[in-house]
Every structure is written in C-alpha cells, then in structure tokens.
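J.: One-letter residues, chain by chain:
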Amino acid sequence: MNWQLALPEIFLSCSAMAILMYGVFARPERSFVMSSMLAVGALLLTAMLVLSGTPGVGYNGLFTVDAYSHFAKLLILVAVGLGVVMSLDYAEHANMQRFEFPILMLLAAVGMMLMVSATSLMTLYLGLELMSLSIYVLAAFARDERRSAEAGLKYFVLGALASGLLLYGVSLVYGFSGSMSFAEIGRAMADPKTASPGLTVGIVFIVAGLAFKVSAVPFHMWTPDVYEGAPTPVTAFMGTAPKVAAIVLLVRLLSDPFGALLGQWQQLIVLVSIASMALGSLAAIGQRNIKRLMAYSSIGHMGYALIGLAAGTGAGVRGVLIYMLTYVFMNAGTFACIIAMRRQGRNVEGVSDLSGLGRTDPAMALAIAIFMFSMAGIPPFSGFWGKYFIFTAAVQQGMWLLAVIGVLTSVIGAFYYIRIIKVMYFDEPAPAFDPRPASLSFVVGASGLFTTFFFLFPAPVVAAAEAAAKVLFR
Amino acid sequence: MLFATAVFAPLLGSLVALLFGKQIGDRAAQAVTIICMILAAICGTSAFVSLVYGGGAPGVVTLATWVSSGDFSVTWALRYDTLSAVMVAMITFIATLIHIYSVGYMGHEPHGSVWRFFSYLSLFTFAMLMLVTADNLLQLFFGWEGVGLASYLLIGYWYHKPSACAAAIKAFVVNRIGDLGFALGIALIFVVFGSITFDAIFAGVSQHQNDSYSVLGGTFRAYEVIGVLLFIGAMGKSAQLGLHVWLPDAMEGPTPVSALIHAATMVTAGVFLMARMSPVLEYAPHAMAFVTFVGASTALFAATVGVVQNDIKRIIAYSTCSQLGYMFVAAGVGAYQASVFHLLTHAFFKALLFLGAGSVIHAMSDEQDIRKMGGIWKKIPLTYTMMWIGSLALAGVFPFAGFFSKDAVLEAAFASHGGFAQYGFWCGILAAFLTAFYSWRLLILTFHGAPRADKHTMDHVHESPLVMTVPLMLLAAGAVLTGFTFAPQLLGEHWQHFWGAAIHNGPNNHVMHDMHEVPGWVVALPAVVGLSGIALAYIIYMGMPALPAQLAERFGGVYRFLLNKWYFDELYDRIFVRPTMALARGLWQVGDATIIDGIPNGVASLTAQGAGRVVKVQTGSIAHYAFAMLIGVVVLVSLYLIIR
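Chains as they are written, first to last, in this note's numbering: chain W, 712 to 1185; chain H, 379 to 1022.
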C-alpha cells in the first residue's frame, strides 16, 4: 500500500495538531501571530510536498494523486496561504486574534485537498465535511458580533441541509451501482441506456449538495448573508479556496464516474450556469454593501466556470481550471482591499466609502480598478483570459447560446464593476482610510501583479491546466 | 551626422519646451528652442555647403527600421542630396529667424502660455525637415501629416477665438482631401513598384513604363494615375485652385506662423513633392499638363482676388497662393529646377512680407484692415523699407530675387511648347501684372496718404523692437541676394553639376536648355508688365484716391465677385458643408440619440427593474432559503427525469 501518496495531507494535518499544541502552551498575546506564521510555513512545505509527489492511486482506490489534483491542490494551498496572511491584521483589530483561527484554516485546507483527490464517494464526503465544519466555525469566529454569529449559524444550518441532500444522493448512487468507488460507479454506468432512474436522481442530489458549496443558483441563497456577516478575511477565504475545491470535485465527479451520462447532466449544468450568471449580474446591481456585491459577483463567476464543465471536453476543463486560478487572485486581491477599508480603526463596507479613493489613495484605487476591470473581463487582465478559454470551449462544442448569454451577462456585470471605478475616481473624496498594513499590501500587490501581467506569461499556466484536463479527458 | 543633427535638433527643442515648458517658464522654453534652431541652421547650412561646394557625396543616412512586414519594409532614413540639402538649409535658416522674431511678436501674450507656441513651432520645423529629407514615401507622408498637425495647432493657437478654431478645422479637413489622394498615390506606387523607397522606385521607372491601371471605368497608364493622385495631395498642401480655400483663413494664426508655414515652407511641400518624384512624373505627360493647367489657373485666380482684398495678411496669403501656382507651372513643364528656385526665393521674400506685415500689425495695435491704415511710413521707416524690398522682389523687379526666379518660370513655360505651357505663360504674365499692382496698392494704402486710423492708435505707432527687425533685415538680405547668387548655379550652364541626380529630367525634356534661348520680348515682358502694374497702382492710389471707390461702384458685379473670392467658400458651403452637416445631424439625432442610445437605455432600465426583483427574494430567513433549495432540487430532479 502506497501511503506516501497522501503525504502532503498527512503532513498538513500533523502540522495543524502541532501548531495547536504550540498555541495551547505559548503565551496568549503572541500565540496568534506565531501560529499564523507557522501555518504559512506549513502550507509552503505542503506545497513543496505536493510538487514532489508522484501520481498514483492508493488506499484501495479511495485516494488518487494525478496532474489534476496537483493543479487544484497547489491553487488551494496558495489561496489558503493568502487567506491566512490577509487575516493577520484584521484579527488584531477585530479582537479575534486567537490561535485557533489559522489552525481551522489549515484543517479546512486538508479537507479541500482530500476533496480534490477523492475518487470515492466516501473520501469525497469526508473531505467536504472537514472543510465545511472548519468554515462554519470560522464564519462565526467573531463570536461577540451578532452578524458573525448569525452568519455562522445560517451557514451551518443550510450547510447541514446540503450535506443531507448530498448524503442522500450518495446513498442512492451506492444503492443502484453497488459501489462507492468512482471507477466502479463508472463501470456500472458505462451504458447510459441501462442506468436506472434512481441513479440519476442520486446524481441530481449530489450535484445539489456540491452546488451549494460553489453557491450556484438555486442553492446560492446563503451566500450574500454569510458573506456579509462573516469576518471579512473569512469571507475572502470562503470566496476562494473552497470554491476551487468544490468546483474541481464537481468536475471530476461528473466527468469521471458520471462521464457516460454527459448528455443528461449537461442540460442540468447549463441551466444552473445560466441562472447563476444571470442572477449574479442582475442582483449585484442594486447592492450598496461591497461584501454583498462580491457575494453576487462570486455567484456569477461560478456560473461562468460551470460553462466550462457544461462543455464536457478537455478544453472546457482546462478553461475551468484557468478560470479558477485567475478568479482566486482577483478575489483575494479585492478582498484584501476591502479589509484595508478602515477608518479610525473601524471597518467600513459601503461602496460609497470608496468615494474619491483615486485621490486619497491612488495606489489602492489603481489596484481595485485593476481587479474590477479583470472581473468584468476586460483585456489584457487575467479575468479576460479566464473567460476567453471558457467561452472558446463552449463555442467549440457549438454551445452558442451559452456563450452568448455568458457574454451578455458579463456586459451587465461590467456595469457594477465599473461603477466602483467611477465612484473611486469621479466622486467627491470621502475621508481617507487608515494606513494600510504591509500584509495586505503584499496580498494586493501580488494579486495585482498576477492579474495585470498574466497575459505576458500564460503559457506555463495553460500548459499545466492542459495536462490536468488530460487526466479527465484523454 | 551634421544632417541628422539639423533634422533632430528642432525635435529636441520642441520636446523640451512641450514637456517642461510649464516648469521652466516661457523664457527658458524660448531659449531652448532657439538654441536648438540655431544649431540646426548651422548644421543644415554646413551640410548644404559641404555637399554642393565641398565635394561631399550624396547618400542615405539610415537611422532605424520602421516597419518590416512581408514584402513591405520601411526604414527611418535621411536622404542627403542637393534637393533635400537646399530645402534643409532654407528651412532651418528661415525657421530660426522666425523663432527669434516670435520672441518679440508674442511679447504681449499672457505669460505662461508662450512655451506652447515655441514648442509647436519647433515641432513644425522638425516635421518639415522629416518631409524633405525622407528616403521613402511613408516617411515623407509622416512629415506631411506632421506639418499638417503643427499647422492645425498653430492656426488654432488662439483657441479662445472661434474664428481661429474654425480656420484650424478648415485647414485640417481640406488637407485631408488632398492627403487621401496622396495616400492612394503611395498605395498605387507600392502596387506598381513593389516598394516605396525612392531608390527602388526610381530604379524601376523604366520597367513599368507601360503598366496600366483601371480606375473610374477607364484604363490609364499607371504613371498618369500616380501623377494625378500625388498632385491632388500637393494641391491640398500647396493650396491650389479648388483646395485653396483653407489658406486665406489660416491667417487667423499668429503672423510668424503665417510667415513660416503658410508662406515659406509647408505650403511649398507640394512643389517639393513634384521635384522629388520627378523621375516618375517625367513619364506622365498628361498628369504634368494637368499640373501646369491648375498651377496657371491658380496663379491668375489668386492674383485677381488679391487685388480687392482689404486684410493685409489675406492679400499676402492670396499672393502666396498665386506664387505657388507659378511653381507648379514650372514643375508641370518639366523645369523642376526653376520651380525649386522660385520656391527658394519666394521663401525669403514672402517670409519678409509676412513678418513686415506682422510688424505693421504690431505697430497698429493689432489692426489688419489696410483701409484703416495709411500715413505711417515716417513713423516706422525700417518696416516700410523692408516691405518695399519684399514687394520689389515679389513684383520681380531687377535685381531682386523674384526677378530671376519668376523670369525663369515664365521662360520655361514659354520654351516648353504646347497648349498648356502657353496657357501657363500667359496666365503668368497676367498674374505678374496683377501681383505688382496689388503689392503697391498694399504699400500705398498701408503707409501713405492721410492717416485713417483713430488718434489713439496713431499715437501708439512705433517701430518694432530689434528682436523683430533684425530677422526682417536678414530676410531682406536674402530677398535681395538669393536671386543673382543662385540663379547662375541652379539654372545656369552648370545646373547639372549643381543638382546631381537629385532631380531627373527625361531624355526628351530640354526645357532647361531651351529656356535660355527664348526671344528677347519674352525675357522683357514680365519686367514690363510688373513695372506697369506698379505705375498703375501709383496713378490710381497716389494720384486719385477717389477713383477706386468709383470703379468698385461702376463694376459692382465684378468687384463683389472678386471680393468674395469667386464665391468658392459659398459654393463649398452649399455643396459639401451643409449637406454633410444635415446628414450628421440626422445621424446624431435619429440614428444615435434615438436608436443607438435608445436600445441600451431601454435594456438598462429593464435590467435595473430585474435587479430590484431578484433582490427581493433575499429575505434573510433560513426557512425561506432552505425552502428555495428544496424547490431547486425538486425542479432539477423533475427536469432531469424529463430530459432523460
């Protein structure tokens, strides 16, 4: 048995335990910063272990390492790392500098890594729950604040419902195919004609459970409330890594074991995708709170990513991976800017608070402008290329309607992104924000550079995504 | 190296003034641009002298690759031969004087804005130098458009004056028409020759003699089409009949601009183009006949209009237009050397006249109407003398510069037998008479007679400062000297030695020789009509000042016809401007405001309403959310089962 396959996950779990021990015994006033640093270090080492790992299937087929999981894991680790760095400063101001915070993030990361390596419904559920439970706690981490507590509770109750749906689906699939393993299920469904309706109902339930995690319509209702209520670094975290893990898992599940039923689930995904894009772009228009706005924006973005899945080809999967990569950086950068919106020690979240930022803080305004242009899909920023690969894949499959709707909704979406730029540059200046801490400047700078200059060196990313997609569509 | 310095020094001056003008202030900007111009003038003149007298070799200074795409490749390169060296020397010299003059002329401008003027002026000089030193048609076109831009900026320098803005736009738009022809000409040259580098074109002239090109439903020799297209470009830039309407209006710009751009240099670019392309044009006889015809008509037309104008600068502008016509007559009959010679002398005496007029305007507190002048010659004797010298040169009186060059043009026209050439000759003679007449009309009305300005203005009449009069004197020296010093070299026995390979005369073109063997009366006639023009002006305006008004009344129709410039502006307004405006207004109000704006606005309001509805679902209640999820699952399962 090849246990080393899961070495990164094992290492990360052990690190989380070790940091926990450290946190318990260290002096309280510095335990938070130290454990955050240690967490970043653990993430870096894990990333190196991932890079040096070799492909293979282990643990009786429960766990698989391949190029696809590699790509996703690295992206997840980067996203978690950015999340930890972003929370450093916020925690200090929001009085939530407890050492459990980075540890929960690490455990969530372990869960996500399990998810993307899962080749069995059991591992899938295990990873998903590990991730979700960590995030429920994180969402309610500012426990003195009503909004945070409410967000955590809401997310937990609805998440439990989604888990229930997912589990019900898993049981149906198991019941009709006789196995938990993806390979076995795939064999049972090799012929779409003989697949029983129970099985397909099971698929819908599993899709619903995962769609909840990626906040796709109609399972998105929690997103705006939870995004708004949760502490901002947690929102940033929820908006990046878990989305990557869930969508990567969804793609693997639908194209590997359920690949033979493409013709049936395709319509489902198209529907969800269109609904998400439309809702994401329409509902964001009326938002005044920038975190809520970002919630709708992320719903829309997931809709675009699902186009790639709906295409059901290698090019589509490649598009999804590139899209998620660009999305992580744009989103992390934007949220770092949102965390930096602080006046006299109090965080502000209104779009109008950005008024005149172009004059009071030109660097931050420029960064936000770059992220907004990128999210709107305006070249040459990375967001454009993400959309480009997605739409190309759809067009190659003759899914014109989907591509056209995607372009139309991104035009509508461009309205609220660009309105933020207008507010920053053309409105009367509001009072300046407090000085920005170095940790946030780092995240903003790194994401901004990536977003701006992605078009100069897309080749390695595209090649890696291509290799990852080949695992699913040979 | 000298040559490249001469070309790029003005660019440096312009950039420094443009980028840092606000910080370093007007004085420093003036100093920088003038120093760069003096450097350019020294280098330009030395390059000319070393090429023509010092035995330097002509050549091409390659600077960088510009475009390299498939078969099409263009480099930035300076062509160093007699034609370009003459032009560079003349342009840098006159531009330097005009920069210096402008220091005085723009002295009354509000501080903190004059750097802009000097930057534009240097930018113009650079573009003009690029134009004349170009090694290929694309670079020439770059300079061509560059001078157009600088001209636009300078005409509209006083942008708070609506008339200046209108004039700037008019100049730009009319030039666009010519430029379209020019651009098409370049394209056709590329199609025919496969290259737009001069060396490659000239080397291929004999191979493509019989190429034909179909256009407008007929098939013509390609060279003829090229010739006509290039000449259309030249017509726009050099204000030839039909596309001349912008030049008089361009006088809205400051007077030094009129002197530099709209007299000495830019407007002669078309003439230069004809000379530069002589190897091709020599084989396009019909196109050249067209050039002669338009040039001759312009010479006469502009002279008739000049006779009745009252704005001192407009009179000189029409005279410029008319003299450009002369140059095209010479080019059209194959005497490119004579046309470039006239270009050269004209640059001096016309710049002199404009700057002199500027000095008068300066003295008369910005008055430009000669009916409101008079009686000031004793108060500004130096300017008066300079205007005399300029007018004598313009009228072609011996031994002033214009005598030599205008005679050369007319002799060449006479010597080149053919209907169009004869038409050119007689138009030229008639125009010479009118030129002398309106020049003295201008002189007498401006300087002599009873003062017609109010007392306040008359009290202020003063000679201009040295910074303005010294350039005047230098230009006057040029207006006197350039004629008899250069005539023997440019047109005399050894003209071939002087020009080298810069200008090509075809094997059947003997006009350079024949022009020296015309009958005696042809040589004498221009001088005679010139002197009689002067005499007539004297008699009418000095002797009987009441006569002009009576004549104007008696021949009211003719007078108004001339005063309104043959109604060209009105005609164009009716035919082109108003229908275009009406169409544009229609497209704007119906096409754009109603249809194109209407659709997105409608969609936007629909979207906004939709957004409002979508958000209403978001109640915040967990029960509602859970319900929505379950409904979602039910819908998806049902759909899935149906699709299946």
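Read the hints as simulated data drawn from the structure, not as lab findings.
Some hints could be false.
Said to hold, decoys possible - With the Cβ distance kept under 10 angstroms, some of the chain H side facing chain W (calculated, not the full set):
| # | residue |
| --- | --- |
| 1 | Gly990 |
| 2 | His1002 |
| 3 | Val1013 |
Claimed, not checked - The calculated label-pair distances, taken between Cβ atoms and stated as ranges, are:
| # | chain 1 | residue 1 | chain 2 | residue 2 | range |
| --- | --- | --- | --- | --- | --- |
| 4 | H | Cys543 | W | Arg858 | 55 to 61 angstroms |
| 5 | W | Phe1168 | H | Gly998 | 43 to 49 angstroms |
| 6 | W | Phe1168 | H | Ser983 | 51 to 57 angstroms |
| 7 | H | Gly998 | W | Arg738 | 38 to 44 angstroms |
| 8 | W | Pro1146 | H | Gly964 | 52 to 58 angstroms |
| 9 | W | Glu803 | H | Cys543 | 55 to 61 angstroms |
| 10 | W | Tyr1099 | H | Ala578 | 53 to 59 angstroms |
Glycine included, each C-beta is placed from N, C-alpha and C at the ideal position.
J.: So, for every hint listed, does it hold in this structure?
T.: Consistency of the hints with the structure:
A cut of 10 angstroms between beta carbons decides the hint on Gly990(H): the least distance to chain W is about 6 angstroms, and the hint holds. Annotation: interface hint on His1002(H) holds; nearest CB of chain W at approximately 7 angstroms, less than 10 angstroms. The beta carbon of Val1013(H) is positioned within 10 angstroms of a beta carbon in chain W (closest approach about 7 angstroms), and the interface hint is therefore held. Taking 55 to 61 angstroms as the suggested C-beta distance range, the pair Cys543(H) and Arg858(W) conforms, at roughly 59 angstroms.
The hinted window of 43 to 49 angstroms between Phe1168(W) and Gly998(H) holds, with their beta carbons roughly 45 angstroms apart. Our hint of 51 to 57 angstroms for Phe1168(W) and Ser983(H) is violated, since their Cβ atoms are close to 43 angstroms apart. With their beta carbons about 41 angstroms apart, Gly998(H) and Arg738(W) fall inside the hinted range of 38 to 44 angstroms. A hinted range of 52 to 58 angstroms for the beta carbons of Pro1146(W) and Gly964(H) is consistent with their spacing of about 56 angstroms.
Restraint check, Glu803(W) to Cys543(H): a C-beta distance of roughly 60 angstroms satisfies the suggested window 55 to 61 angstroms. The supplied range of 53 to 59 angstroms is broken by Tyr1099(W) and Ala578(H), whose beta-carbon atoms lie about 42 angstroms from each other.
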